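Here the protein sequences line up with chains A and B, keeping their order. The first sequence begins at 272 in this note's numbering and counts up one residue at a time. The second sequence begins at 155 in this note's numbering and counts up one residue at a time.
In short, the hints are calculated from the structure, not lab data. None of the values given here were measured: they were computed from a predicted structure. The reader is advised that the hints may include incorrect statements.
Beta-carbon label-pair distances, calculated as ranges [as the list claims (entries may be wrong)]:
{"no.": "1", "chain 1": "B", "residue 1": "Gln-403", "chain 2": "A", "residue 2": "Ile-273", "range": "52 to 60 Å"}
{"no.": "2", "chain 1": "A", "residue 1": "Leu-326", "chain 2": "B", "residue 2": "Thr-184", "range": "27 to 35 Å"}
{"no.": "3", "chain 1": "A", "residue 1": "Gly-309", "chain 2": "B", "residue 2": "Thr-323", "range": "23 to 31 Å"}
{"no.": "4", "chain 1": "A", "residue 1": "Ala-358", "chain 2": "B", "residue 2": "Asp-357", "range": "54 to 62 Å"}
{"no.": "5", "chain 1": "B", "residue 1": "Asp-357", "chain 2": "A", "residue 2": "Gly-312", "range": "38 to 46 Å"}
{"no.": "6", "chain 1": "A", "residue 1": "Phe-286", "chain 2": "B", "residue 2": "Asp-329", "range": "47 to 55 Å"}
{"no.": "7", "chain 1": "A", "residue 1": "Ala-354", "chain 2": "B", "residue 2": "Asp-380", "range": "53 to 61 Å"}
Glycine included, every Cβ here is placed at the ideal spot set by N, Cα and C.
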Amino acid sequence: MIYEVFRQERKGQAFQHAGSIEAADERFAESYAREQYGRRGESQALWVVARSSILQIDEFVDELNRNYHRVDGYPLKEKLKEARERAGTSRPAVADR
Amino acid sequence: MDQREQDFLEYVQGGGQVEAGDWMPDEYRTRLRKFIEMHGNSELMGVLPEREWILRAPTLQRKLALTAKVQDEVGHAQLIYRVVEDLGKPRDECFDDLISGKSKFHNVFHYPTKTWGDVGVIAWLVDAAAIISQKALLKCSYAPYARIMKKICWEESFHILHGRDVILTLMNGTDDQRELVQEALNRWWGPLMQFHGNPIPADQDPMLVWRIKSQGNDEARQQFLDGYVPQIWELGLTVPDRALRQDEQTRRWQYTEPDWDELKSVVTGHGPKTEDRLDLRRQARENSAWVRSVLLAA
Numbered sequence: 272m273i274y275e276v277f278r279q280e281r282k283g284q285a286f287q288h289a290g291s292i293e294a295a296d297e298r299f300a301e302s303y304a305r306e307q308y309g310r311r312g313e314s315q316a317l318w319v320v321a322r323s324s325i326l327q328i329d330e331f332v333d334e335l336n337r338n339y340h341r342v343d344g345y346p347l348k349e350k351l352k353e354a355r356e357r358a359g360t361s362r363p364a365v366a367d368r
Numbered sequence: 155m156d157q158r159e160q161d162f163l164e165y166v167q168g169g170g171q172v173e174a175g176d177w178m179p180d181e182y183r184t185r186l187r188k189f190i191e192m193h194g195n196s197e198l199m200g201v202l203p204e205r206e207w208i209l210r211a212p213t214l215q216r217k218l219a220l221t222a223k224v225q226d227e228v229g230h231a232q233l234i235y236r237v238v239e240d241l242g243k244p245r246d247e248c249f250d251d252l253i254s255g256k257s258k259f260h261n262v263f264h265y266p267t268k269t270w271g272d273v274g275v276i277a278w279l280v281d282a283a284a285i286i287s288q289k290a291l292l293k294c295s296y297a298p299y300a301r302i303m304k305k306i307c308w309e310e311s312f313h314i315l316h317g318r319d320v321i322l323t324l325m326n327g328t329d330d331q332r333e334l335v336q337e338a339l340n341r342w343w344g345p346l347m348q349f350h351g352n353p354i355p356a357d358q359d360p361m362l363v364w365r366i367k368s369q370g371n372d373e374a375r376q377q378f379l380d381g382y383v384p385q386i387w388e389l390g391l392t393v394p395d396r397a398l399r400q401d402e403q404t405r406r407w408q409y410t411e412p413d414w415d416e417l418k419s420v421v422t423g424h425g426p427k428t429e430d431r432l433d434l435r436r437q438a439r440e441n442s443a444w445v446r447s448v449l450l451a452a
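The following block holds chain B by itself, in its conformation from the complex (with noise of 0.2 Å):
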């Protein structure tokens, strides 16, 4: 590491931003846009899962609610992609990466959503662990990326807020309904717990050591389930680890180790719905090409 790269490690650690026209380490850039990149594929894949239910949601207001988060949830992904842009990736390359599997997106829009159940666990619980990563990016060294994220974080607390509406009113219905729910929940809790990632230590973490994130994986784990396992017991819910208890002493929760294969394989474009969902992208983006065109040429 020559000396610029060292003052400018220095810079980010003590705290520093850097702007998109400011030089940067060619190390810096490539983890930052790989990053943003990831996270861009995540909100894009990730409203596919919840428009399968879009048709199917149980009343008007259901599915507007459903339909706006989904609105939402490309605006983010439009956000994201302009920060990569910026950092010299053009979009069209973004979505040629994603389609032929060369990057990648989060575990969980890897799954099939099964019932309206489903809907609610992603609303509330996928929504409320992103939203602990992307609070901790409102630090991140990255300024133009660290800016957007206060949108999104605030637009992500709508959706939790969606989410738990969902589920209390399906809690305070039915014994099937609340099955519904258990069985959800059941489904979610193994790729919930892989979601913020295997633990690495904090100077060998080099998102960390570039304060790209702000948080390490097993801390944002951790106040995940210091957050939302009381919320969960609270509904007369299961968490499906009978090894989950938190410490009396430390307040650190112990849990079932989660499955870090499963978590490789399935971000690897393995998971059970990967195909079926980049397919449609794939489908998605061929139909609406004409749009861009002209939209473009406007």
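With the rest of the complex left out, here is chain A (with noise of 0.2 Å):
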């Protein structure tokens, strides 16, 4: 079995892949974690994960284009321009205010 191990340095960071094992079972799996990444307490905390139970995704298909959900969906910088054009300003009136 191959285990994934994420270890997190200092209380409050995020966890970070640090590596991967092969142990039989997870007693085996943590020991060997220990002797790799907490061996010299350079680790707060440590996940071992089997990588058969990592779910990953990595496509993200945005079938119905569902720009709202995006900054690109936000076209303001040319919308302003012409905001601006109307208003006869070129730029925030700062200085009168």
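Each chain sits in its own coordinate frame; assemble them with the hints.
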């Protein structure tokens, strides 16, 4: 079995992927992970996860083109340019305030 | 090269990183796997010269430190072979190829460790040379390898500490002890200068082109000399190369051309201790076969 090891360096920090180990079961995985990543007090905590338990998602198809979820759904720059032209201003009138 | 390969090449050259499940060109995968496998082999074979000194270490503290170093290096081999496995070559095949002499390991691990002075020089200078190569791998285009390199570099820096401590203790000792260090340095200087390999122009080195390595061989050697020659000199030791000097203007080191024929002969399996060490690895593998079968069946 392949186990992926994630380690947290200090309390409050995100767990980061550190490497993987091969072990027959969880008990062995625990002791190998301790030896590889905890022997010198370098980790606050470890997550040891069977690779087969990890659900990886890496395709994000946006079939309905729901651009209202994204920054590019709001083309403010062009609209602002047009609005300024209509108002006859060129930039925010900070100096007049 | 088709468009997909061209895109991949541009991606890695621009600093992009690749994960295990990503598509990669065959040439990239093959070169990467071969390189990482040799690194794994070197970690594994690298403990053998030091292992010989565990029983002969001068104090209990040194014995424990050396044992810990050996354990670290084997641990590195374990992590590295895992990366190789994910690239498609099972660990058992790596061991088969290592033992049969089909795959290679680093030149410095083909030499004998004559005295305790050699143990100090290995931990200090061989590990220093290695950490320079390994630090440059932190930026490797293959992300799983780059990630484990963080841990490996961190532990190697411990080994340099241990090596310096051994050397400083000897240098503060008797004339005989200082002599021991000088003799060890004389023996190791040649292999150390060969360690980073012969200079290859950056655009002709496929390892650099694919961004597997981020530093040329000659650059690594210059960095090693920059960092360590002053440290060697300050202890009153002599570097056994009369031509060695730093150019005042360019700050580049000049030195006698390393013996590239020796390097080639040694890494292709003709080093003074190659056969012995491979024999030992062969025996160790046979003797531990039952342990592996029990552990993996647990």
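Okay, the hints, checked on the actual structure:
1. With their beta carbons about 53 Å apart, Gln-403 (chain B) and Ile-273 (chain A) fall inside the hinted range of 52 to 60 Å.
2. Taking the beta carbon of each, Leu-326 (chain A) and Thr-184 (chain B) are about 31 Å apart, inside 27 to 35 Å as hinted.
3. Under the hint 23 to 31 Å, the C-beta atoms of Gly-309 (chain A) and Thr-323 (chain B), about 30 Å apart, fit the expected range.
4. Range check, Ala-358 (chain A) to Asp-357 (chain B): Cβ separation about 56 Å, and the 54 to 62 Å hint holds.
5. Distance hint check for Asp-357 (chain B) and Gly-312 (chain A): the Cβ-Cβ separation is about 44 Å, which falls inside the suggested range of 38 to 46 Å.
6. Between Phe-286 (chain A) and Asp-329 (chain B) the Cβ separation comes to about 54 Å, which falls inside the hinted range of 47 to 55 Å.
7. For the pair Ala-354 (chain A) and Asp-380 (chain B), the beta carbons lie near 59 Å from each other, so the given range of 53 to 61 Å is met.
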